[in-house]
Amino acid sequence: MEWILDNLGNIAELTVAHLALSLPAVVIAFVVSIPLAWVANRIRAIREPVLTSTGLLYAVPSLPLFILLPALIGTSVRDPLNVVIALSIFGLALMVRSAAEALDAVTDDVRTSATAIGFSGIGRFFTVELPLAGPALLAGVRVVCVSSISLVSVSAVLGVTSLGSLFTDGFARDILGSIIAGILMTVVLALICDLLLVLAGRLLMPWNVKSAGSRRRPRLRRSAEANA
Amino acid sequence: MIEFRQVGKTYPDGTTAVEEFSLTVPSHSTAVLLGSSGCGKTTLLRMVNRMVEPSTGSVLIDEEDISGVEPVALRRRIGYVMQHSGLLPHRRVIDNIATVPRLNGASRADARKRGYELMEIVGLDAKLGLRYPGQLSGGQQQRVGVARGLASDPNILLMDEPFGAVDPLVRVELQRELARVQEELKKTIIFVTHDIDEALTLGDQIVVLKTGGAVAASGTPAELLANRQDEFVSRFLGLDSGARSLSAEKTDDGELLISDAQGRPLGVVHDQDRGPARDSQVHPQDQAR
Numbered sequence: 001m002e003w004i005l006d007n008l009g010n011i012a013e014l015t016v017a018h019l020a021l022s023l024p025a026v027v028i029a030f031v032v033s034i035p036l037a038w039v040a041n042r043i044r045a046i047r048e049p050v051l052t053s054t055g056l057l058y059a060v061p062s063l064p065l066f067i068l069l070p071a072l073i074g075t076s077v078r079d080p081l082n083v084v085i086a087l088s089i090f091g092l093a094l095m096v097r098s099a100a101e102a103l104d105a106v107t108d109d110v111r112t113s114a115t116a117i118g119f120s121g122i123g124r125f126f127t128v129e130l131p132l133a134g135p136a137l138l139a140g141v142r143v144v145c146v147s148s149i150s151l152v153s154v155s156a157v158l159g160v161t162s163l164g165s166l167f168t169d170g171f172a173r174d175i176l177g178s179i180i181a182g183i184l185m186t187v188v189l190a191l192i193c194d195l196l197l198v199l200a201g202r203l204l205m206p207w208n209v210k211s212a213g214s215r216r217r218p219r220l221r222r223s224a225e226a227n228a
Numbered sequence: 001m002i003e004f005r006q007v008g009k010t011y012p013d014g015t016t017a018v019e020e021f022s023l024t025v026p027s028h029s030t031a032v033l034l035g036s037s038g039c040g041k042t043t044l045l046r047m048v049n050r051m052v053e054p055s056t057g058s059v060l061i062d063e064e065d066i067s068g069v070e071p072v073a074l075r076r077r078i079g080y081v082m083q084h085s086g087l088l089p090h091r092r093v094i095d096n097i098a099t100v101p102r103l104n105g106a107s108r109a110d111a112r113k114r115g116y117e118l119m120e121i122v123g124l125d126a127k128l129g130l131r132y133p134g135q136l137s138g139g140q141q142q143r144v145g146v147a148r149g150l151a152s153d154p155n156i157l158l159m160d161e162p163f164g165a166v167d168p169l170v171r172v173e174l175q176r177e178l179a180r181v182q183e184e185l186k187k188t189i190i191f192v193t194h195d196i197d198e199a200l201t202l203g204d205q206i207v208v209l210k211t212g213g214a215v216a217a218s219g220t221p222a223e224l225l226a227n228r229q230d231e232f233v234s235r236f237l238g239l240d241s242g243a244r245s246l247s248a249e250k251t252d253d254g255e256l257l258i259s260d261a262q263g264r265p266l267g268v269v270h271d272q273d274r275g276p277a278r279d280s281q282v283h284p285q286d287q288a289r
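Protein chains in written order, with my numbering: chain A, 1 to 228; chain B, 1 to 289.
Keep in mind the hints are simulated off the structure, nothing from the lab.
Careful: at least some of the hints might be erroneous.
Claimed, not checked - Quick list of the computed label-pair ranges, beta carbon to beta carbon:
1) A:I122 with B:Q262: 52 to 60 angstroms
2) B:A226 with A:F126: 52 to 60 angstroms
3) B:R176 with A:T107: 23 to 31 angstroms
4) B:Q6 with A:W38: 36 to 44 angstroms
Claimed, not checked - Interface residues of chain A toward chain B, partial, derived using beta-carbon atoms under 8 angstroms:
5) P49
6) D109
7) V110
8) T112
9) S113
10) A114
11) F119
12) S120
13) L130
14) P131
15) T168
16) W207
Claimed, not checked - Selected chain A positions facing chain B (Cβ under 10 angstroms, derived; list incomplete):
17) T107
18) T115
19) A116
20) G118
21) G121
22) G123
23) T127
24) L132
25) L138
26) A139
27) L203
28) M205
29) P206
30) N208
Every residue gets a Cβ at the ideal spot worked out from N, C-alpha and C, and that includes glycine.
Model the full structure from these sequences, guided by the hints.
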């Protein structure tokens, strides 16, 4: 406990470094997964192959990937870019299927009606299909976010600093406080990010929260009947 | 005026949805396409806004062949109302109605103002404007659907079983409301339904369709009811079962009780001095007039 209090500044720095590695990966995984999912849904013949093969990327062991990447893309072994790219790949593996299913779940009724009232193809995608896929996309992003935050720690073995460095140092120098701080902060960070995502979802998708509130339903129904 | 000139639709897999269909819908009138599912009525409707391209023949709006009109622009000047309302669940009621004016380039404020005008026209409380579609009853959602269809003040309104999914009482009310709105706005409407009473209530002309878009009969509601030539039409309208052969019987109060051939009571005709006969249910189409 004392060790933790003495090293608060250091822990805070590592937390920032941890976020700087994991958050870009979450964003990249999300942004790349959308067009991939769209294409997979669009061309039915390649849907399963694309989804399955991207999903299998998750099976690549993380440590070898961290080591292999510098050779593939010409970065140095300690370059944080390796970590971001590796995490993006894992994120993508988780995200593509969720994204494809989220986009696929938009009902035909809504699609047809959006087309009928004069949305262009691109307009319909960005203003109708993407927002309606939002709740399911958010569920996917939450998994990717938590998984990325926990996976970042592995990179400490290679000497890229993150909260994982607290384990490696803690084990090397036999400091229990450091190990506990590493575990705690990783969990806390994952929880906070997850919570922020949930809150963002509520703000960005108010229709989802309100129509899901089953408690409000009876009251609305009654006033509905009076007005119908 | 909308004109179908010998249109046909055959899908790549060989199924024929419509064959050699011709129809002229005069401006400011309502044409009802009536038939069971699979008769090609929705296919025909969607040819008017180019959601379905005819394989043969052509569709003309005010003498202009629409195959040369850009589909998205065309759809923005044609109102469209469908079953289950087709509202965008993630937009508030008022923004759903304002969608088409917005797509046509109106400012958000102007589009919303127009939206509130339309809510009043279709009989919706302005307070509902800020709700989401999922918070409305089925009947209210359909009213919003109609309001949205009218939002850009289109000359043409396409309606695909718009009242098919609401309960019978609300349906009758919505039909009456639509007839009232039409009386005022005088749109050219093509209305698709499988409900005979709805067709008789709303149609200036009715086209009864058989499988494959073949026309079994067409004419005004009165002409159709008087038609006993075609067996399919008679059966479809219930003429053969006697559902539309009515008999009258004087009640103790001096009113006329009308029943169908099975003796099922349909309604009461009041004496002339007691009230207008149009309140009765003898001629469903009269409710609209």
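Going through the hints against the structure:
One distance hint, 52 to 60 angstroms for the beta-carbon pair I122 (chain A) and Q262 (chain B), holds here, with the actual separation near 57 angstroms. Taking the beta carbon of each, A226 (chain B) and F126 (chain A) are about 54 angstroms apart, inside 52 to 60 angstroms as hinted. The supplied range of 23 to 31 angstroms is met by R176 (chain B) and T107 (chain A), whose beta-carbon atoms lie about 30 angstroms from each other. Restraint check, Q6 (chain B) to W38 (chain A): a C-beta distance of roughly 39 angstroms satisfies the suggested window 36 to 44 angstroms.
Interface restraint check: P49 (chain A) against chain B, minimum CB-CB distance 24 angstroms, threshold 8 angstroms, status violated. Below 8 angstroms, beta-carbon pairs count as interface contacts, and D109 (chain A) has one with chain B at about 5 angstroms; its hint therefore holds. Hint on V110 (chain A) holds. Least Cβ distance to chain B is approximately 6 angstroms, under the 8 angstroms limit. With its C-beta approaching chain B no nearer than about 7 angstroms, T112 (chain A) sits inside the 8 angstroms limit, and its interface hint holds.
Checking S113 (chain A) against chain B: minimum C-beta separation of about 3 angstroms stays under 8 angstroms; hint holds. Interface restraint check: A114 (chain A) against chain B, minimum CB-CB distance 7 angstroms, threshold 8 angstroms, status holds. Because the smallest distance between the Cβ of F119 (chain A) and any Cβ of chain B comes to about 7 angstroms, under 8 angstroms, the interface hint for this residue holds. Interface restraint check for S120 (chain A): the shortest CB-CB distance to chain B comes to about 5 angstroms, inside 8 angstroms, so the restraint holds.
For L130 (chain A), the interface hint is violated, the least distance from its beta-carbon to any beta-carbon of chain B being 10 angstroms, above 8 angstroms. Of the supplied interface hints, the one on P131 (chain A) holds, with its beta-carbon coming within about 5 angstroms of a beta-carbon of chain B, less than 8 angstroms. Annotation: T168 (chain A) was flagged as interfacial toward chain B, and the flag is violated, the nearest CB pair being 46 angstroms apart, outside 8 angstroms. Of the supplied interface hints, the one on W207 (chain A) holds, with its beta-carbon coming within about 4 angstroms of a beta-carbon of chain B, less than 8 angstroms.
Here the hint on T107 (chain A) is kept, as its CB sits about 9 angstroms from the closest CB of chain B, short of 10 angstroms. For T115 (chain A), the interface hint holds, since its Cβ comes within 10 angstroms of a Cβ in chain B; the closest pair sits about 6 angstroms apart. Residue-level restraint check for A116 (chain A) holds (minimum Cβ-Cβ distance to chain B is 4 angstroms; threshold 10 angstroms). Below 10 angstroms, beta-carbon pairs count as interface contacts, and G118 (chain A) has one with chain B at about 4 angstroms; its hint therefore holds.
This hint holds: G121 (chain A) has a C-beta 9 angstroms from the nearest C-beta of chain B, less than the 10 angstroms allowed. The beta carbon of G123 (chain A) is positioned within 10 angstroms of a beta carbon in chain B (closest approach about 8 angstroms), and the interface hint is therefore held. Checking T127 (chain A) against chain B by beta carbon gives a least distance of about 9 angstroms; that is within 10 angstroms, so the hint holds. The criterion of a C-beta within 10 angstroms of any C-beta in chain B is met by L132 (chain A), whose closest approach is roughly 6 angstroms, and the hint holds.
Interface hint status for L138 (chain A): violated, as the beta-carbon distance to the closest one in chain B is roughly 13 angstroms, over 10 angstroms. Given the 10 angstroms rule on beta carbons, the hint for A139 (chain A) is violated: about 16 angstroms separates it from the nearest Cβ of chain B. At a threshold of 10 angstroms, the smallest CB-CB gap from L203 (chain A) to chain B is about 13 angstroms, leaving the interface hint violated. For M205 (chain A), the suggested interface contact is upheld, since its CB lies about 7 angstroms from the closest CB of chain B, less than 10 angstroms.
Taking 10 angstroms as the C-beta contact cut-off toward chain B, the hint placing P206 (chain A) at the interface holds, the least distance being around 8 angstroms. At its closest, the beta carbon of N208 (chain A) sits 8 angstroms from a beta carbon of chain B; the interface hint therefore holds under the 10 angstroms criterion.
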